[in-house]
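Peer 1: Produce the complete structure using the sequences and hints provided.
Using our numbering, read the sequence shown as starting at 1 and increasing by one per residue.
Hints were generated in silico from the structure; no laboratory data involved. Treat each hint with caution, since some may be false.
[Claimed, not checked] With a straight-line Cα cutoff of 27 Å, these simulated DSSO-like cross-link-like pairs (lysine-lysine) come out: (1) K283 x K363; (2) K354 x K400; (3) K68 x K95; (4) K388 x K369; (5) K29 x K97; (6) K354 x K365; (7) K218 x K165; (8) K322 x K354; (9) K364 x K354.
[What the hints assert, rightly or not] Taking CB as the label site, the calculated pair distances span: (10) D61 x T224: 40 to 50 Å; (11) S311 x T37: 31 to 41 Å; (12) E308 x E189: 47 to 57 Å; (13) G74 x E215: 46 to 56 Å; (14) T37 x K365: 28 to 38 Å; (15) T37 x E123: 16 to 26 Å; (16) N221 x E189: 21 to 31 Å; (17) G74 x E189: 44 to 54 Å.
By construction, the Cβ of each residue, glycine as well, lies at the ideal position given by its N, Cα and C atoms.
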Amino acid sequence: MAETYDLIIIGGGPAGLAASIYGGRAKLKTLVVNKGTIGGLVDTTREIVNYPGYIQVSGPDLMKDFHKHAQSFGVEFHKGEVVSVDFSQEEKIVKTKKGKEFSAKAVIIASGSEPRLLNIPGEKRLRGNGVAYCATCDAEFFEGEDVVVVGSGDQAIEEGMFITKFARKVTVLVLHDEGILDCNKVSAERAFNNEKMEFIWNSTIEEVLGEENVEGVKIKNLKTGTSSELACQGVFLFVGMVPSTNYLKDSGIEMDKRGYIPVNDLMETNLEGVYAVGDNRVKYLRQVVSAAGDGATAAVAAERYIEELNSFNANVLQSDKKVLLLFFNALVNESLEFSTLLEELNNELGHEYKIVKVDMASKKKLAEKYDVKMAPAVVVLDQGKEMKRLECTLDKEKLKTQF
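Peer 2: What follows is the structure, given as structure tokens:
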């Protein structure tokens, strides 16, 4: 039997934690399922200087604050890797690698992203034996040694500078011409002034060399096409991220060709009651502050969705009376006139029916569910089962004959 919650959040990074804070505060029974350390990739970040309210803070410390905040609102946490989901029913199912099963009316996908692999010879074989993707995690293991950093974005340059605190020398392989880096100008200036950092321009890595541990790298010059070898004991790859969404492959969730999830302003996916936030969604800015904003938005949207779902179930699907589900458009006079006429007619019939009004502007998914494209429209339901549809006319007598 699945353990039941109001809201399940897959992922415990800043987006997921922010969502859990809002979920817990809204008195939703909220569960965060997270496969690794709470905080996600932020937990591996040495220094954060652009999160509002913190002039300077480490990633782990900031995430501890997020975690404590969520716990203060009664949020539950489960450590486990989600391997499959079933979003086909009202109650969504989330399953973990160890066989745990959870259900909820709403799910927020906040599983983030992970380092992109180059899939070059030697990379996978020597991962953990000199090949690394996180300076904060692994830099100390290269005390007094030579390290190669691949990449020139913010992450590569900032992490590279951190590695210089331990390594004897850090050599950065850059695709571009001399002097051109992809990182911000402040980091670039600091890197150029760092005596322990060197740069090899117009170059990329072809292979990681070594038997049991990294012994060097094979480098290709993109302009000349020539290859050379450089001795080193460590290789840090910072060549971008990929979304951690493989477990959603057969879920019905719409994703782009890279695996990122498109959402609307409410963080809604193409599936009702399922939201996506943070680094696994299509977005412009991937930062802690924007992830937290995503989480807050999704949790508020999920809260309202759950409230509306519970209300719909109680007032419509479980109603003792037959229900006239009236779809209307508040901006169209005819729609409003018909609504008034329907109420008058129901009053004359001794309130035989229960009228439930649905504003199509704010309940688009409900309109889609009943395949209603224009207002006014009336679906007659009995215990949730559709009996018929009324012809919406302003002719009272003609309308009356349909009852």
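Peer 1: If you draw a straight line from the CA of K283 to the CA of K363, is it 27 Å or shorter?
Peer 2: Holds, at roughly 25 Å.
Peer 1: Holds or violated: the 40 to 50 Å window for the beta-carbon distance between D61 and T224?
Peer 2: Between D61 and T224, where Cβ atoms are some 47 Å apart, the hint holds.
Peer 1: For E308 and E189, compare the CB-CB distance with the range 47 to 57 Å and indicate the outcome.
Peer 2: holds, 52 Å
Peer 1: Between the alpha carbons of K354 and K400, is the straight-line distance 27 Å or under?
Peer 2: holds, 16 Å
Peer 1: Are the Cα atoms of K364 and K354 separated by 27 Å or less?
Peer 2: holds, 21 Å
Peer 1: Do S311 and T37 keep their Cβ atoms within the hinted range of 31 to 41 Å?
Peer 2: Holds - the Cβ-Cβ distance for S311 and T37, about 38 Å, lies within 31 to 41 Å.
Peer 1: Falls inside 44 to 54 Å, the C-beta gap from G74 to E189?
Peer 2: Distance hint for G74, E189 holds at roughly 47 Å.
Peer 1: Do the Cβ positions of T37 and E123 conform to the proposed distance bound of 16 to 26 Å?
Peer 2: holds, 23 Å
Peer 1: Just tell me: holds or violated, for the beta carbon distance of N221 and E189 against 21 to 31 Å?
Peer 2: holds, 26 Å
Peer 1: For the pair supplied as a hint, K218 and K165, confirm whether the alpha-carbon distance does not exceed 27 Å.
Peer 2: holds, 25 Å
Peer 1: Do G74 and E215 keep their Cβ atoms within the hinted range of 46 to 56 Å?
Peer 2: holds, 52 Å
Peer 1: Run the distance test for K68 versus K95: straight-line Cα separation, threshold 27 Å.
Peer 2: Measuring from Cα to Cα gives roughly 26 Å; hence the hint holds.
Hint check: no violations occur; every hint is consistent with the structure.
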